[in-house]
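Engineer: What follows is the residue order along each chain.
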Amino acid sequence: DIQMTQSPSSLSASIGDRVTITCRASQNISSYLNWYQHKPGKAPKLLIYAASTLQSGVPSRFTGSGSGTDFTLTISSLHPEDFATYYYCQQSYNTPYTFGQGTKLEIK
Amino acid sequence: QVQLQESGPGLVKPSETLSLTCTVSGDSISSFYWSWLRQPPGKGLEWIGYIYYSGYTNYSPSLKSRATISLDTSKNQFSLKLSSVTAADTAVYYCARTPYSRSTRFDPWGQGTLVTVSS
Numbered sequence: 001d002i003q004m005t006q007s008p009s010s011l012s013a014s015i016g017d018r019v020t021i022t023c024r025a026s027q028n029i030s031s032y033l034n035w036y037q038h039k040p041g042k043a044p045k046l047l048i049y050a051a052s053t054l055q056s057g058v059p060s061r062f063t064g065s066g067s068g069t070d071f072t073l074t075i076s077s078l079h080p081e082d083f084a085t086y087y088y089c090q091q092s093y094n095t096p097y098t099f100g101q102g103t104k105l106e107i108k
Numbered sequence: 109q110v111q112l113q114e115s116g117p118g119l120v121k122p123s124e125t126l127s128l129t130c131t132v133s134g135d136s137i138s139s140f141y142w143s144w145l146r147q148p149p150g151k152g153l154e155w156i157g158y159i160y161y162s163g164y165t166n167y168s169p170s171l172k173s174r175a176t177i178s179l180d181t182s183k184n185q186f187s188l189k190l191s192s193v194t195a196a197d198t199a200v201y202y203c204a205r206t207p208y209s210r211s212t213r214f215d216p217w218g219q220g221t222l223v224t225v226s227s
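Residue numbers (the numbering used here), protein chains in the order written: chain A, 1 to 108; chain B, 109 to 227.
Treat the hints with care, as some may be off.
Unchecked claim - Partner residues aside, some chain B positions facing chain A, computed with beta carbon under 8 angstroms:
hint, residue
1, Trp155
2, Asn166
3, Ser168
4, Pro169
5, Ser211
6, Thr212
7, Arg213
8, Phe214
9, Pro216
10, Gly220
It is worth saying that the hints were derived from the structure and are not from the lab.
A quick note: this is a predicted structure, and the numbers were derived from the prediction, not measured.
The beta-carbon is built from N, C-alpha and C at its ideal position, and this holds for glycine as well.
Next up, chain A with everything else stripped away, as it sits in the complex (with noise of 0.2 angstroms):
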């Protein structure tokens, strides 16, 4: 199976900081990497799929990039609704599928 490790596990920002997210997978997936942000309670919301393609209805201000081993979702200006939830990196490059760990964004 491929692991895919995310990095940091957790994270306290403020509103309208930058934060990046960092998913590594342990051998080459080219760009089969999703993106999820999860609430508590609440179902799994896609976000980027493909590595860095926007999620039709997600705001512009979620990007994701990279390629082979190393991939980063980045939020360029926190919202209020982007806390108290969870940060899930998925690869597709091959089955069993498989997620990051996950990163919880808290608000500092």
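Got chain A sorted already, so can you dock chain B onto it with the hints?
Structural biologist: Same frame as chain A, now just chain B:
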């Protein structure tokens, strides 16, 4: 707007079979792939498997021997059966549409349903 809703028992006894159904509205199940995923308490997300409308299935090797995903096109539903459950199968179970182009992804997801394995 596509919506998915999981349903099924919230409590299952050890060694029995967990059965869940996902009802899809706003889209025909006769398109796309459709997946089941889960998240044990305090742990990460795990993909269980998917089914295509043709009936083709693909499972995670860790669950392949116990998981069965099936379709009911007449009801626009798909289902998960997980046999011989143990406490380790306690989790929030999600169903999700699984677009397959460019990068297989899960969108949208159902709200999730907590299944507890306990006697």
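Engineer: Are the hints correct? Go through all of them and say.
Structural biologist: Quick rundown of the hints versus the structure:
1. Trp155: With Cβ-Cβ at 4 angstroms, under 8 angstroms, it holds.
2. Asn166: Holds. Min distance 6 angstroms.
3. Ser168: Status holds, d = 4 angstroms.
4. Pro169: With Cβ-Cβ at 6 angstroms, under 8 angstroms, it holds.
5. Ser211: At 4 angstroms from the nearest chain A Cβ, Ser211 of chain B passes the 8 angstroms test, so the hint holds.
6. Thr212: Hint on Thr212 of chain B: holds, closest Cβ of chain A at ~4 angstroms, below 8 angstroms.
7. Arg213: 5 angstroms, holds
8. Phe214: 7 angstroms, holds
9. Pro216: This interface hint holds because 7 angstroms falls under the 8 angstroms limit.
10. Gly220: Since the shortest Cβ distance to chain A is 7 angstroms, the answer is holds.
Violated hints are absent here; each numbered hint is respected by the structure.
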